[in-house]
Amino acid sequence: MSLSSKHLIGLKNVPKEDIELILDTATTFREVLERPIKKVPTLQGKTICNLFFESSTRTRLSFELAQKRLSADTINFSTSTSSTKKGETFKDTVRNIEAMKVDMIVVRHESAGVPEYLTRISQANIINAGDGRHEHPTQALLDMYSIREKLGKLKGLKVCIVGDIAHSRVALSNIYGLQAVGAKVTLCGPKTMIPREIENLGVKVIHDIDKAISEHDVLNVLRIQLEREAGSTIPSLREYHNYFGITSERLEKNNRDVLILHPGPINRGVELSSEVADGPYQIILNQVTNGVAIRMAVLYLLGTRP
Amino acid sequence: MELPLEWQYYIYLELDHNGSEMKSILKSMRIIDPQLKIDRVTDILIENGMIKVIDDINENDFPDTNIYDFSNCICAPGFFDMHVHLREPGREDEETVITGSNSAAAGGFTGVACMPNTTPAIDSAEVINLIKEKSSKHLVDVFPIGAVSKGRNGEILAPISEMFSNGAVGFSDDGTAVKSAALLKNALEYTSMYNAPIIEHCEEESLADGAMNEGLVSTTLGLPSLPTVSEDLIVMRGILLAEYTGGRIHIAHISSKRSVELVREAKKKGINVTAEVTPHHFTLTDETLRTFDTNFKMSPPLRCREDVEAMIEGLKDGTIDCIASDHAPHSIEEKEMEFIYAPNGIIGLETQLGISLSELYHKKHLTLEELINKFAVNPRRILNLDIPKLEVGSAANLTIFDANKIWTVDKSKFKSKSKNTPFDKRLLTGKSVAVINNEQIYFDGEFKKI
Ligand SMILES: [Zn+2]
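Those protein sequences? They're chains A and B, same order as listed. The numbering of the first sequence is this note's numbering, which starts it at 1 and goes up by one. The numbering of the second sequence is this note's numbering, which starts it at 1 and goes up by one.
Treat the hints with care, as some may be off.
Chain A side only, calculated, beta carbon under 7 Å to chain B, not exhaustive [as the list claims (entries may be wrong)]:
{"id": "1", "residue": "A112"}
{"id": "2", "residue": "G113"}
{"id": "3", "residue": "E116"}
{"id": "4", "residue": "P195"}
{"id": "5", "residue": "E197"}
A short list of chain B residues far from chain A (calculated; beta carbon distances all over 10 Å) [claimed, not checked]:
{"id": "6", "residue": "K23"}
{"id": "7", "residue": "V41"}
{"id": "8", "residue": "G49"}
{"id": "9", "residue": "I54"}
{"id": "10", "residue": "F62"}
{"id": "11", "residue": "T119"}
{"id": "12", "residue": "K134"}
{"id": "13", "residue": "L157"}
{"id": "14", "residue": "S192"}
{"id": "15", "residue": "Y244"}
{"id": "16", "residue": "E333"}
{"id": "17", "residue": "I406"}
{"id": "18", "residue": "W407"}
{"id": "19", "residue": "R426"}
{"id": "20", "residue": "K448"}
The set of hints was computed from the structure by calculation and includes no laboratory data. Don't be surprised by glycine CBs; every beta carbon is placed ideally from N, CA and C.
Can you build the whole structure from these sequences, using the hints too?
Here you go:
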């Protein structure tokens, strides 16, 4: 069994079989991660370049750890585009990468389309670690893995993605991935945070957090970008918390269990109250461990693809 | 090795034409002049750049003449593109007055109006004169558009009277809309003294922070987007202020369906508003951005199918007066960048006639006569310029094109210095064959005296 595509740019149009293969492979690696010696020689001799044009310590560490566990050689390149002239760093870097002949590139960039561009100019396998508001496929895969691990299935589940959908790169990947495996997806957030015409992707849009809690099996709660939102897309963080935040009172009103995911880092008192963030419904730390397993699976499947 | 066209042109200028009589016969063309209601197949004799005979000519009666066989071609009053960026002064690496004019000639145009967003901006008599000087000997007439505000910064009015008296034919802060309603009101009052239009790039700045059109495609591509309403608001502002002041507003590169409706209603009310559309806005939709190719990034952005259809409707019913390329050269280095950072704009002088013939004439949206009005008559009327006529005694200012020639766009063959086109490798039906103006002909890749 192997993946149908050479790259992982997003989950749009990725067949169900590929998604299931990645999730199943991650299960194997999840077991490896429980062993005393957590390293396998699978990608020995392969060179992977982590190209982070935008800071994201969590995602980068997760990828690096996955690469180390698979015994790959790693080159790290991190820069922030804000500090240099826009565009210049990118082209210089890309030229260097072309010359370096790496086997795989993991790329993160604030502009949508950069991973796609790399597929046109490089021979390497390209893995998107988040581009603009476009896609972040490994995050969605680890979310799906974590749901399946906890609830035993994905098909038929009702999943609600809560928060700033418009500025999220996780939302689209989750929508495509969950729909591919037969889950139903709802979006919940203030209208200013819902991008136009997203209903056309086959999702329901609601603005009532209590409904989100009572009518869904899973809530995938997105992080609110504090600097960006307050005063523009929402009046204040306090108002957001009062009308869209997940609190234990809200959860207790609901007489069935609901699973809570969060890609981290959490803004306590904004999208989740502190009790909820530490409470029994969330699986946020599992998500972190599962993230390494998912990234191992993706790297392994692409790196050993015939 | 073929010389760059810019050099060829200078070599041509150096040649001594020794003042001898030049006579040329253009044979067997279908000549169409919508103004004079002419549409027939005949020949034209040109002597020292002037039309001497329009009739069937036996070339044996005229020894020592150059014969140009243009059978199967259409001959019309020279075409005019009222919205191009020639990048001079400031970005001569991307385009110059000469290379831009060469590109215009190759695309079938005998005149262009160039936008003032250069460095420095065209906001003084000096810059107007610099451009006029550079283009003075060229086949293609270049008419500068002056900036509305000094430095295009939206603060104070640029010296409009001074620019107008030195040859500016319209005023614009293109690249952006005129910054404030107050400044636009004053600019409309002031330019109405000269009956010159204000050419508005319609984009409400506070809504324009995006890299593509807002809609389903931007949602799925995760690119920051700007809505059509950002255009509609500025179109409406321009219309209302034109109505109030009696000034003239020209809507540059209209792209939204609602804006076309606004212009249509305003024209019905008798308000002084005109509009142009680019070939890309009546041909392409935002779906083309799915590959993240920055050659599809421009301002205003490509819109949806219903907007494209509204452009064609607007062209058909006369709401949209003319077609203009918004020729915007950018270097490859600049365009080959992350999508959100890449500059807006594409070149269009050498593709727009082919696209218009393919998409409008061959698809039966416009007749040839209507198309000639959009390319030759209306843009000059908007800018108060003389409209060339196919009549004896007039200076020959002609575009000769083959409406049925099938060809494939090859950007490496462009005369423009830049290559940023979304139409490379596109199969088109209809192409310019020759242009004649200022006692010169551009034919077969060369300029010659006529
Ligand atoms: Zn413009």
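Verification of the hints:
no., hint, result
1, A112, "holds (4 Å)"
2, G113, "holds (3 Å)"
3, E116, "holds (5 Å)"
4, P195, "holds (4 Å)"
5, E197, "holds (4 Å)"
6, K23, "holds (54 Å)"
7, V41, "holds (49 Å)"
8, G49, "holds (47 Å)"
9, I54, "holds (54 Å)"
10, F62, "holds (57 Å)"
11, T119, "holds (17 Å)"
12, K134, "holds (30 Å)"
13, L157, "holds (33 Å)"
14, S192, "holds (39 Å)"
15, Y244, "holds (33 Å)"
16, E333, "violated (7 Å)"
17, I406, "holds (29 Å)"
18, W407, "holds (27 Å)"
19, R426, "holds (20 Å)"
20, K448, "holds (42 Å)"
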